[in-house]
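Each step along the sequence shown adds one to the number in the working numbering, with nothing skipped, and position 28 is 28.
None of these hints come from the bench; they were simulated from the model.
There could be a bad hint or two in this list.
Unchecked claim - In silico DSS-like pairs for lysine-lysine, Cα to Cα no more than 30 Å straight-line:
1. 210 / 193
2. 360 / 330
3. 181 / 330
4. 389 / 410
5. 59 / 210
6. 177 / 193
7. 309 / 410
8. 352 / 193
9. 471 / 181
10. 224 / 124
11. 124 / 360
12. 515 / 193
13. 309 / 400
14. 506 / 224
15. 484 / 181
16. 10 / 293
17. 293 / 241
18. 193 / 389
19. 471 / 250
20. 224 / 330
21. 241 / 124
22. 400 / 220
23. 210 / 400
24. 360 / 389
25. 506 / 484
26. 309 / 293
27. 220 / 330
28. 177 / 471
29. 241 / 220
30. 400 / 250
To be verified - Estimated spans, in silico, between C-beta atoms of each pair:
31. 8 / 68: 26 to 34 Å
32. 25 / 76: 24 to 32 Å
33. 15 / 306: 47 to 55 Å
Virtual Cβ for every residue (Gly too), placed ideally from N, Cα, C.
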Amino acid sequence: MATVLPPPSKRARREAQQPKEANIIPEDLPFVQVQFRAADTGQVLAGGIHLIPGSSNVKQLELLLNGLLGSSDDPTPYTFSLVDGVNPIAITSDLYGDILRPQHRSTEDVLTLEYVPQAVFRVKSVSRCTATMSGHGGTILSMAFSPKNGARLVTGSGDGTARLWDTDMGTPVAVMKGHEKWVLCVAWSPDAKVLATGSMDCSVRLWDIKTGMQIGNAMKGHSKWITSLTFEPLHLLGARKGMRLASTSKDGTVRIWDVATRASSQTLSGHTACVTCARWSGMGVIYSCSQDKTIKVWDARGTTITLIKTLHAHAHWVNFVALSTDFVLKTGGFDPFAKDKLVTDDDELLRKNSRARFLKASTQNGVTTERVVTASDDQTMYLWNPFPKGTVEESSMNAKPVARMVGHQKAINHVAFSADGRILASCSFDNSIKLWDGQTGAFLTTLRGHVAAVYMCSWSADSRLLATGSKDCTVKVWDVRNGKLYMDLPGHKDEVYAIEWSSDGKVVASGGRDKTVKLWKH
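Produce the entire structure from the sequences given, and follow the hints as far as they go.
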């Protein structure tokens, strides 16, 4: 059903009645001194200090920077922020309105502006349902697109099967039968060759993508159901041929599996309650969160995985953990928007490209860092930067959160970083989605439009659009730049539990309680 935006709150109506101060730029505003600094390397741009008008806006800064970099013929869009200690100040309109008028700096100061290149490509918003794919006999609980592109989609259902779909034709490719109970989670290997499924029957199964057949026997060891799956990032394999897989369970453990032999190589114990989620980071660390209110950090760089530290902050169950590099780790060596698209099965080339993409996404001021966010039933989220120096060592680890993010009125279901790691989206039972700064944890805006609990969200590859699925039976697409509803997509007959935007940006898939998978395209 289509939904109508709720009326503004009392506070919003009261603020709307207040006289607003016009952002008029003074005519006698002097010139200011600026210098540009690259966010990834930390190097100041050659040419030193430049004298520019104090009223310069973002477009004018882009023109100047492209001229200095010699890319005026093929300009690149950039975002700018003022370097101000730990927390940078984003420049969204112009220097006067964002920096000089709030008195962050004066016209006498030298402004150091940090620049970050934006995605050159633009993902077009999905606007219509192109296919409704039936076949599952139960609720669709999970889904994932292939790391290569949006041509292949896998879904896990309450009917005990996983299905592989061809999204170009809107037809099933294979039905993967074997589990005896609900398929709760699915995951692609970063080389797009193997698929893993975790079930309510306490087992993990591996499937061959080309044939749709199960690889070997079920991997058993957990005593309760599987809650999440995460593969080892491709660039961490090195000379090893055997990829590893981590599974979390209601039994309070994390098990490490060798994908080649399908044997459990290690069991990570320590949590005292259900382990709800885990992420294998690009720095060789596993983050696991649990209903025991803790997050554990495991060193997985060697053959034997050891516990580095336990993070304490939340007052209730920790439901979800996400990384700022999730997009590049998920797509591995495949860059869907590269000019010369890498479509190969050569393992060495995939690993090399995967490492290059990870370093590009995670390097800030010459240091490799990954930010972590955790969401909880205590209605809060915490942003962490456990290894600010870029080395995985307990001595240099920061066990304190960067920020505590509050604002949701009910438990938080899901949280996700944008593809560039600069914005964070959280979904809650309070019917809202909130956007946060991915580096500082500062609140940005609230997206309101759903009239029931929001279960899941998924970012477009250019980080400009966000798709959400809700209990109100709708899929909605939001424009992140202005915080407005961009597209309302009704069509599902019941609650939407799973939603995924393909890595190439061409298709959004959604599924839920009505047992159908819907594909949405431009």
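**Message:** Taking the Cβ atom of residue 15 and the Cβ atom of residue 306, is their distance within the range 47 to 55 Å?
**Reply:** Check passed, 52 Å falls within 47 to 55 Å.
**Item:** Agreement of residue 224 and residue 330 with the hint, judged by alpha carbon distance not exceeding 30 Å
**Value:** Cα-Cα ~26 Å, so holds.
**Item:** Given hint residue 210 paired with residue 59 - CA-CA distance at most 30 Å
**Value:** Roughly 47 Å separates the two Cα atoms, so the pair is violated.
**Pairwise hint evaluation, residue 193 against residue 352, where the allowed Cα distance is 30 Å at most** = The given pair, whose Cα atoms are some 17 Å apart, holds under the 30 Å limit.
**Message:** residue 210 and residue 193 were given as a pair; does the straight-line alpha-carbon distance stay at or below 30 Å?
**Reply:** Holds - the C-alpha atoms of residue 193 and residue 210 are around 8 Å apart, at most 30 Å.
**Prompt:** Does residue 400 pair with residue 250 here, judged by a C-alpha cut-off of 30 Å?
**Reply:** 27 Å, holds
**Request:** Compare the distance between the alpha carbons of residue 124 and residue 360 with 30 Å, and conclude whether the hinted pair is satisfied.
**Result:** At roughly 25 Å apart (the allowed maximum being 30 Å), residue 360 and residue 124 satisfy the hint.
**Message:** Check whether the Cα positions of residue 10 and residue 293 lie no farther apart than 30 Å.
**Reply:** 35 Å, violated
**Given hint residue 389 paired with residue 360 - CA-CA distance at most 30 Å** = 16 Å, holds
**Message:** Would the hint linking residue 241 and residue 124 be met if the CA-CA limit is 30 Å?
**Reply:** 38 Å, violated
**Holds or violated: residue 177 to residue 471, with C-alpha atoms at most 30 Å apart** = 28 Å, holds
**Message:** For a C-alpha distance cap of 30 Å, please report whether residue 181 and residue 330 respect it.
**Reply:** 27 Å, holds
Of the numbered hints listed earlier, those contradicted by the structure are 4, 5, 10, 14, 15, 16, 17, 18, 21, 22, 23 and 31.
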